[in-house]
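So the chains spell out like this:
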Amino acid sequence: MAVPLAYNFRNLWTRRLTTILTVSGMALVVFVFASILMLADGLQKTLVETGSFDNVVFLRKGSSSEVVSGVTRQQAAILEAFPEIAIGPRGQKLLSKELVVLVALTKKGSDKPSNVILRGIDENSLLLRRQVRLVEGRLPRMGSTEVIAGMSIVQKFKDIGMGETLCCGMRDWKIVGVFDAGNTGFSSEIWGDTDQFMQAFRRNAYSSVIFKLQDASGFQNVKSHIEGDPRLTLEVKRETKYYADQSEMMAKFLRILGISLTLIFSIGAVIGAMITMYSSVANRTAEIGTLRALGFQRRDILIAFLLESLLLGFLGGIVGLFFASFMQLITISTMNFQTFSELAFSFSLNLQIIYMGMGFALIMGFVGGVLPAVRASRMIIVDALRAS
Amino acid sequence: MLILKVLFRNAFRNRLRTGLTILGITIAILAFGLLRTLISAWYAGVEASSATRLVTRNAVSIIFPLPHFYKDKIQQVSGVKTVSYGSWFGGVYGDEKNFFANFAVEARSFLELYPEFIIPPDDREVFLKDQKGCVIGKKLAARFGWKIGDLVTLKGTIFLGNWDFVVRGIYQGRDKDTDESQLFFHWKYLNEIQKKALPNWTDKVGYYMIGVTRPEISGDVAVAIDQIFKNSLAETLTETEKAFQQGFVAMSGAIVAAIQIVSFVVIFIIMAVVANTMAMTTRERIGEYAILKTLGFGGGHIAALIFGESFVITIIGCLLGVAATFPATKVISTELGAYFPVFNIGRETVLLNFVAALGIGFVAAIIPTRRAIKIRIADGLRRIG
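Each protein sequence line maps, in turn, to chains A and B.
For the first sequence, the working numbering begins at 1 and goes up steadily by one.
For the second sequence, the working numbering begins at 1 and goes up steadily by one.
Rather than coming from a laboratory, the hints here were simulated on the basis of the structure.
Do not take every clue at face value.
As the list claims (entries may be wrong) - Derived DSS-like pairs: lysine-lysine, alpha-carbon spacing no greater than 25 angstroms straight-line:
(1) A:K107 / B:K230
(2) B:K195 / B:K71
(3) B:K97 / A:K241
(4) B:K155 / A:K252
(5) B:K97 / A:K61
(6) B:K242 / A:K158
(7) A:K158 / A:K107
(8) B:K155 / A:K61
(9) B:K230 / A:K112
(10) A:K241 / B:K155
(11) B:K81 / B:K204
(12) B:K195 / B:K132
Working from the sequences, and respecting the hints, build out all of it.
Following this line, the structure appears as structure tokens:
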């Protein structure tokens, strides 16, 4: 017969201070563990949601991001003649030629400059990016120096908002609208007319060409077409893949950092649990003797103490995850190493992280409790009963 | 002396528990020290930069180049001693994982401006004469096993194609925080090739590096330089090299801040563990404290006993942790040398370690002491451990 679970609960309750301290140590570890995974996940989610599966991006061969890429007007014209391009509502081809440059803007709070993506768009760009929604003002008129700014930029940067002007490339750009692209990278960009940007920044090539496939399976066709045409020194990627690649390095960095940190921390928490469990065994020597005398098997004692330790881990996991879930309210804006530009993303919690966090907490409880539990189960009845 | 002996005896009465606690503190202090070192590695570029050098870049952002002819105009500004220039090349050796910084620079003025890169004079002359030559840092040379005379091929990510360089010199850092994992080659070589490949991108440089005659005037010189190019096609932004490097670090500021927060979390975790140990210790000894009180010892004595024991445990842990930090950093700096070329433990880090250990010891003892002092003698004596 197993020792009743209530016994464990009451034990934890009797030594409240110790229980709270042990649990809070574990909770902190779980909190850090979950938070960092949430951060890496949030980053990836943001960049993956930025792309659409149907869209394909053309960049210059060898360039990893739009910032260093270049597509000449001639190449863009060749791409425009591809039969795989989807047709828009007004019968136009859903293809947009875009220019991406970085400008240094001042961040709120720190007053430090940070690179922001300025994206030159044409009238098809919005049709290709269904996620983008105007929340204030209006769209920029093509052929004018009007721009619209993404939500995250408006929130995190100084002097960016409706009616403000942005000065770069010897021109003043008037912000006539604010757009929200949800949890995507576009929210951290400023958009305006491509041709105006090309003029102002003295560029004679586009950064990228994006078009929507008529049929999502037409990707292979496009790819072989590109590879067969020597004029097109370009690379083609699905938009989803393109953005996922951009998050890869940083997400990996965050994960490695997070996991190695939590492994070190968890040693501390495991030791905490071990100390607690050892002393709880030592304090209850007579009790253990009594339980054994009453007929509980060694195995039952082992299980009872392991359960108690697992319970500690479980409580730590619950508390840690509870606080970690509040991190979802926080949005972080930092530089993505790969694009060298600002990107806002938030912590994102999903079931997998909850499982992992809880699993981690239980493992900590188990590792901390196994040695003390073995010691408890090995006690000799007579000696244990004799202990005062 | 006697009191110290009592404290040690008390601390090691329960060897297993104290041993575990000390182990926990050692690990926490080690983690704390490593994280602080990681943060300072992030700032290594800032630390290594000189206040007498200015950097001029395009005001719009670093990705826009500046015309090559600015050099002569900058040279004319009073207070300017040396002008050098360069471009971020962004070449990759084989795979992107083998990342290291590589720049195209105007070599003669560059080496003059950066005396911390030490190259043997003979190699230096050979490098200056060979347009396809390059110099590499000592760590970089060790990482890929490159020797003088080797051919190194980089794949350009910004400037397309495969680029061949001949290693003509291996530089050594003058200071401890000099980055020894970079590659420099002649800007002229880059420019000549660009003339054929992308004529639009020729005669452009990424940034100017300027040496001023006296550090005090660097602010005025910076303003004077920016003034010349005001309202031109490429307006400039001139700042000290330190501020320029700081700007880069600030861009990834959120991550540094996160590591900073996390480094304190580890202190809290261990604080909970030590507090737990102390709480158990005092709970077991409540009877003894009651006896001490009966004998006439006051609350102050009991507090001194508990705090002292707590400090004994944390300081032993801290000493072990600090001792372990040094070999650990050595391992990390060889493993992660590619990402953090400079990885040194600062004196401040060691100091912070001790402050943290004392803080842990202090906070951990507060609640148990309060309990021990408050207990009434009769209750204490009646209680069975």
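Against the structure, the hints:
Taken as a hint, the K107 (chain A) and K230 (chain B) pair is honoured in the structure, with Cα atoms around 23 angstroms apart against an allowance of 25 angstroms. Between K195 (chain B) and K71 (chain B), the direct Cα distance comes to roughly 19 angstroms. Compliance with the 25 angstroms bound is thereby established for this hinted pair. Of the supplied pair hints, the one linking K97 (chain B) and K241 (chain A) holds, its CA atoms being roughly 19 angstroms apart against a limit of 25 angstroms. A hinted pair counts as satisfied when its Cα atoms are at most 25 angstroms apart, and K155 (chain B) with K252 (chain A) qualifies at roughly 24 angstroms.
Restraint check: the Cα-Cα separation between K97 (chain B) and K61 (chain A) comes to about 18 angstroms, which is no more than 25 angstroms; the hinted pair holds. The hinted pair formed by K242 (chain B) and K158 (chain A) meets the criterion: a straight-line CA distance of about 23 angstroms does not exceed 25 angstroms. For the hint pairing K158 (chain A) with K107 (chain A), the CA-to-CA distance comes to about 6 angstroms; that is within 25 angstroms, so the pair holds. Restraint check for K155 (chain B) and K61 (chain A): satisfied, since their Cα atoms lie roughly 12 angstroms apart, inside the 25 angstroms limit.
Distance restraint check for K230 (chain B) and K112 (chain A): the Cα-Cα separation of roughly 22 angstroms lies within the 25 angstroms cut-off, and the hinted pair is therefore satisfied. For the given pair, K241 (chain A) sits about 23 angstroms from K155 (chain B) by alpha-carbon distance, which is consistent with the 25 angstroms threshold. Taken as a hint, the K81 (chain B) and K204 (chain B) pair is honoured in the structure, with Cα atoms around 22 angstroms apart against an allowance of 25 angstroms. Using a Cα cut-off of 25 angstroms, the hinted pair K195 (chain B) and K132 (chain B) holds, with the two alpha carbons roughly 16 angstroms apart.
Hint compliance for this structure: every hint is met.
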